[in-house]
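J.: Sequence:
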Amino acid sequence: MPKKDSRLIVYEKMCNLIFYSKNLMLKFPKFERFGICTEIKKEELDIVRLIMCAWKEKDNKIRIQYLMKADVEIYVLKTYTRIAFKARYISDQNYKAWNEQLTEVGKMIGGWLKTCQKG
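The numbering used here numbers the first residue of the sequence shown as 3 and each following residue consecutively.
Everything labelled a hint here was simulated from the structure, so no lab data went into it.
One or more hints might be untrue.
Taking lysine-lysine and the DSSO-like style, the derived pairs with C-alpha atoms no more than 30 Å apart in a straight line are [claimed, not checked]:
(1) Lys29 with Lys43
(2) Lys109 with Lys43
(3) Lys44 with Lys98
(4) Lys29 with Lys44
Estimated spans, in silico, between C-beta atoms of each pair [as the list claims (entries may be wrong)]:
(5) Thr117 with Arg35: 34 to 44 Å
(6) Thr40 with Asp94: 17 to 27 Å
(7) Asn101 with Arg35: 14 to 24 Å
(8) Asp48 with Asn101: 12 to 22 Å
Heads up, the beta-carbon is just placed ideally off N, CA and C, and yes, glycines get one too.
Work out the full structure: start from the sequences and follow the hints.
T.: Rendered as structure tokens:
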């Protein structure tokens, strides 16, 4: 079995987060499915795209830019989850679990970013 690149773990975590959030967004009111749900999906896919761009990029300076953008998108996504929680679209447990997953992905991106900045 081929060895996995450790940077792809963040991609797998992000895909799991997308699946988790997809199930949560089914709880949102119908009128929000074209509002905040669309924005959440867009942000999640943007993060995946930035992760893949960073992984494929050879130039460290450009890779750092992609990772910094992905980090910002994580914060934006956390804001959307907070809005969903405050509007009572999701429960306290759902909010905590969703935020924990986002934090974990953010830490992985931050660690990758620090590694790139050292080298």
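J.: Each hint needs a verdict: does it hold in this structure or not?
T.: Verification of the supplied hints:
1. Lys29 with Lys43: Holds, because 15 Å separates the two Cα atoms, which is no more than 30 Å.
2. Lys109 with Lys43: holds, 21 Å
3. Lys44 with Lys98: holds, 21 Å
4. Lys29 with Lys44: holds, 18 Å
5. Thr117 with Arg35: 34 to 44 Å: holds, 38 Å
6. Thr40 with Asp94: 17 to 27 Å: The hint (17 to 27 Å, Cβ to Cβ) holds, given that Thr40 and Asp94 are roughly 24 Å apart.
7. Asn101 with Arg35: 14 to 24 Å: Between Asn101 and Arg35, where Cβ atoms are some 21 Å apart, the hint holds.
8. Asp48 with Asn101: 12 to 22 Å: holds, 18 Å
Hint violations for this structure: none, all hints satisfied.
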